[in-house]
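A.B. asks: One-letter residues, chain by chain:
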Amino acid sequence: MGDLLRYAPILLSGAFVTVALALASLALATVLGVLGAAGKLSASGIARAVALAYTTLVRGVPDIVMLLLVYFGGQRLVNVTLGAVGLPAVDLPPFLAGVLSIGFLYGAYLTETFRGAYLGVPRGQGDAGRALGLHRFAVLWAVMLPQVARLALPGYANVWQVLVKSTAVVSVIGLEDLVGRANDVGKTLREPFLFLIVVLVVYLAITWVSNLALEWLERRAARGTVHAR
Amino acid sequence: MRVDLVLANWPLFARGIWITLELTAIAVAIGFLIALPAGLARARRMPWVAPALGVYVYLFRGTPLLVQTFLIYYGLAQFDWIRSSWAWELLRNPWWCAVIAFSLNSGAYATEIMRGAFETTPRGEIEAAEALGLRPWMVTWLVLVPSSLRRALPQYGNEVVFMLHGSAIASVITIQDILGAGRTLNAKFYLAYEGFVTAALLYMAITLLLVLIFRGLEGRYLRHLTVAR
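Sequence lines, in order, name chains F and Y.
Residues 1 to 229 (our numbering) make up the first sequence, in order.
Residues 1001 to 1229 (our numbering) make up the second sequence, in order.
Note that these hints are calculated values from the structure, not bench results.
Think of the CB as a built atom: it goes at the ideal place given N, C-alpha and C, for glycine as much as any other residue.
Incorrect hints may have been included.
[To be verified] Simulated restraints on C-beta separations: (1) Y:Leu1059 x F:Leu217: 34 to 44 Å; (2) Y:Trp1137 x F:Leu145: 18 to 28 Å; (3) F:Leu4 x Y:Ile1126: 20 to 30 Å; (4) Y:Ala1014 x F:Ala43: 38 to 48 Å; (5) Y:Met1001 x F:Ala38: 43 to 53 Å; (6) Y:Leu1217 x F:Leu87: 47 to 57 Å; (7) F:Pro122 x Y:Arg1044: 18 to 28 Å; (8) Y:Leu1217 x F:Val85: 19 to 29 Å; (9) F:Pro122 x Y:Ile1126: 31 to 41 Å; (10) F:Leu87 x Y:Met1001: 33 to 43 Å; (11) Y:Tyr1221 x F:Ala149: 32 to 42 Å; (12) F:Thr81 x Y:Arg1002: 37 to 47 Å; (13) Y:Ile1213 x F:Thr81: 17 to 27 Å.
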């Protein structure tokens, strides 16, 4: 127990990295998800094909494979690109590699969430907005977005829970997240079990807290809707 | 991309494919053996058993598979009484640690799938079986279980793909699965991405194959649910 208290600050800094990584990845995934959904719902055949290729291919790859590919392959890409324009090579930070790979991966899952939610809003809503003389963007922003958000939230919450657990793999490329820190300390002190149990508890705490937040958001997004039952 | 090196080292990947498939199949099979009774116990709300299984499901679904694998592979070595017990022969071996971790993980997810399938069985189906004079065990094994398995099929397909992707974690504890082969290739020839690209393509191909297999199974076993168009 004494060891746990002594190393609590280190574990805490690791937990902070994990949460920051998860939030940054979620932000990227959300942007890619919106773009992907827009592509899938687009009138342009090319946009639809690109979005379809994105979701089909990316969802077939495990998170850890994507991470290693982005980290090592991305480093090569950076070096080659910088070398071509005569600049010195820079290191691709593991945190950035984590955000890029996890964001890219879960953007494909969010594409389906957003697409489904958009299609779940009755067509008449958008038509009514246009009939009232609202601009196309005003319809999207003020009429569609609040309703799409409500329908997308449960799926969004699901993806978030899976994404948080996915962040554990970044410890493999040496990022000092919660798992990496606990692993190092646990091995040094010959108490790996104890420290890994702490990791499990922290992950459960993260999902528990985010569940509360997401439930609150879902209630808030459902203001003004009448529940069946 | 040095395709020649990938092809020259193809036996490495062939072995990796086999190990990945073997690991996934064993984990899903043991997971199923856990999930069938556990899902039934959860659906029937058996006193003591159902809450205990609830804790199991919550722990394994709420935490990263990587950490669960570490806990078994690195964590258990902390205890001298485990190191001196007969189980150490298994637990010192990364293969068995992966099998144990993946099976327990798959079992937890599958328990919830089966519970859902059991709980959504139409009441009339059970009543009809009882009215025909079937004994309780016959109602369970001849009516409830087969009918629930059909309903669980689409989600079970997702779980198998999830496990396939999760199994890539095995490479972190030195198992030479598909990703392990990719990492070995890269390390051997100082490559940045060839091994990972090959691994990603292989995982994609297997994912696609699994999706097609489950689509075929659904077409066969859920035929009564297809809507005439």
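A.B. asks: Compare the structure with each hint and give your call.
C.D. replies: For each hint, the structure was consulted:
1. Y:Leu1059 x F:Leu217: 34 to 44 Å: 26 Å, violated
2. Y:Trp1137 x F:Leu145: 18 to 28 Å: Roughly 54 Å apart at Cβ, these two residues miss the hinted range, so it is violated.
3. F:Leu4 x Y:Ile1126: 20 to 30 Å: Since the Cβ atoms of Leu4 of chain F and Ile1126 of chain Y sit about 50 Å apart, the hinted range of 20 to 30 Å is violated.
4. Y:Ala1014 x F:Ala43: 38 to 48 Å: 45 Å, holds
5. Y:Met1001 x F:Ala38: 43 to 53 Å: 31 Å, violated
6. Y:Leu1217 x F:Leu87: 47 to 57 Å: Since Leu1217 of chain Y and Leu87 of chain F have Cβ atoms about 54 Å apart, the given range 47 to 57 Å holds.
7. F:Pro122 x Y:Arg1044: 18 to 28 Å: 40 Å, violated
8. Y:Leu1217 x F:Val85: 19 to 29 Å: 53 Å, violated
9. F:Pro122 x Y:Ile1126: 31 to 41 Å: 37 Å, holds
10. F:Leu87 x Y:Met1001: 33 to 43 Å: 24 Å, violated
11. Y:Tyr1221 x F:Ala149: 32 to 42 Å: The hint (32 to 42 Å, Cβ to Cβ) holds, given that Tyr1221 of chain Y and Ala149 of chain F are roughly 37 Å apart.
12. F:Thr81 x Y:Arg1002: 37 to 47 Å: Once the Cβ atoms are compared, 19 Å apart, the range 37 to 47 Å for Arg1002 of chain Y and Thr81 of chain F is violated.
13. Y:Ile1213 x F:Thr81: 17 to 27 Å: 41 Å, violated
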